[in-house]
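Undergrad: Turn these sequences into a full structure, and let the hints guide you.
Here is how the chains run, residue by residue.
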Amino acid sequence: MHWSSILWALFQILIFPGLLFLVALALAAEFVDRKLYARLQNRLGPPWFQPLADLIKLLAKQEVVPDLADKFMFVVTPMFALTAAVTASFYIPIWSHQALCSFPGDVIVVLYLLTIPTITFFLGGWYSRSVYSMIGAARSIMQLFAYEIPLFLAILAPALLAGTWSLSGMSLFYAHRPLLSLLNLLGLAIALVALLGKLERVPFDAPEAETEIVAGSFTEYSGRLLALFRLAIDVEMVVGASLLAAVFLPFGMDFGPVAGFGLYLAKILAVISMLSLMRTLFARLRLDQMINFCWQIAAPLAFVQLMADLVAKGTIARGVMIP
Amino acid sequence: MALLQKIVTWARLKSPWILHFNSGACNACDIEIVASLTPQYDVERFGVQLKGTPRHADVLVCSGPVTRQIKDRLIRIYEQMPQPKFVVAVGTCACSGGVFKGCYNVTAGIDTVIPVSAYIPGCPASPTAIIDGVVKLLASLEATEEKAPEPVAAEE
Ligand code: SF4
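Protein sequences, first through last, are from chains A and B.
Residues 1 to 323 in my numbering are what the first sequence spells out, letter by letter.
Residues 1 to 156 in my numbering are what the second sequence spells out, letter by letter.
Be careful, since some hints might not be right.
[As the list claims (entries may be wrong)] Heads up, simulated DSS-like pairs for lysine-lysine below, C-alpha to C-alpha not over 30 Å straight-line:
id	chain 1	residue 1	chain 2	residue 2
1	B	K6	A	K35
2	B	K136	B	K71
3	B	K71	B	K101
4	B	K51	A	K35
5	B	K51	B	K14
6	B	K6	B	K136
7	B	K51	A	K71
8	B	K14	A	K35
9	B	K136	A	K35
Calculated from the structure, these hints are not laboratory results.
Owing to the predicted nature of the structure, the values given are computational and were not obtained by experimental measurement.
TA: And the structure:
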């Protein structure tokens, strides 16, 4: 390998479209979310630099590691959360059909990488050894089992129809058959709801319910470690939105990088606005209500989506339906 | 380095997260503090957010004259906050003991127990006064270039 190619790879990983770009996008996403939330509550809301100020302030604050906590796990989990969320973004096609890295099967990898932050919330909370963070940790792992099934089903159903396990291949397939992606609207709705659970936001914010269990898993976190966790959640929001955009809204990627990038921003803006809207509309669900909802309503609907995609695949194969 | 310090100071002023602690108030001041956090006053304009845990907070908003019962807890909460941290005393009781001054069971004001950065008088202090006090605290911090008070050790 030449020096130049190594440098180019480093540039891609660290600056664009890697870490720095993602962090900027994540902070912008947090601002859009908070501002929209405030406007919907008839408030003025935070200024545009608010997420950046929060981040810098936390980075410059003293970090306290509790005596009882497992020092190593306590410090290491926030880094894992951020790393996993950033890594997941490399496999998602953004403004062209080709992701930064892609291989057959990367949709599974992305889904699992997006699971890692939740696991780190659990581990970080558990090893804090504080009552509140342990309750929060147990709750977030319980929620994981509830929303993960509908999310996986909803994302794998379109993959089944496309006949490929790579996100880049999926977006190529649907871009050339736009009518077929209409079939996946139900899946989009389910994935949006599941994403709310993944990000632990209202109405699925039982794991960090600040009115009951202080701050859940993050109760003992302060300073830099808290900043990393918050950043990881924001990056996860952007990556989740990009994933939905790539799987369910794969149009306009053929118009060149600039238009494609603008469209990409518009798409994730739409997804994030939906998330904020739901945050405003609903109140927190109890854990049992959340699990019942996911298993009794969302998962069966995801199965319906799966069946629809299977039927469509069969009819296309027999030439009954030509997209 | 100076530039970095400037950026950090800016960030601190723009993002004060508060923790609300009732150190023996008659509850009227607490109601006013909660009222000042409602959408009506929208303190998120200044970046203020209410946090549930001392680990996340920068500003400890106390109300009440510190009863003997709560004194140790107040010190403990204060010590759980990471540096740099500031304390705001809301209400006449928190400033000086107010109507409870001289009672056998109170210690006359927050500053007898932990260092206080801003005093907001009033019985109870109105939400506008509380917001004004917090904004003035931030302005004074900007002037004094971030001198965080030394943490006090728990006595007794
Ligand atoms: S200052 Fe007045 S309102 Fe506030 S706690 Fe004291 S007595 Fe109550």
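Undergrad: All the hints need checking, so say for each whether the structure fits it.
TA: Taking the hints in turn, this is what the structure says about them:
1. K6/B - K35/A: The given pair, whose Cα atoms are some 26 Å apart, holds under the 30 Å limit.
2. K136/B - K71/B: holds, 27 Å
3. K71/B - K101/B: holds, 15 Å
4. K51/B - K35/A: holds, 19 Å
5. K51/B - K14/B: Given pair K51/B, K14/B holds - Cα atoms ~16 Å apart, limit 30 Å.
6. K6/B - K136/B: holds, 19 Å
7. K51/B - K71/A: This hinted pair holds, its Cα atoms lying about 24 Å apart.
8. K14/B - K35/A: holds, 16 Å
9. K136/B - K35/A: Holds, at roughly 25 Å.
Hint compliance for this structure: every hint is met.
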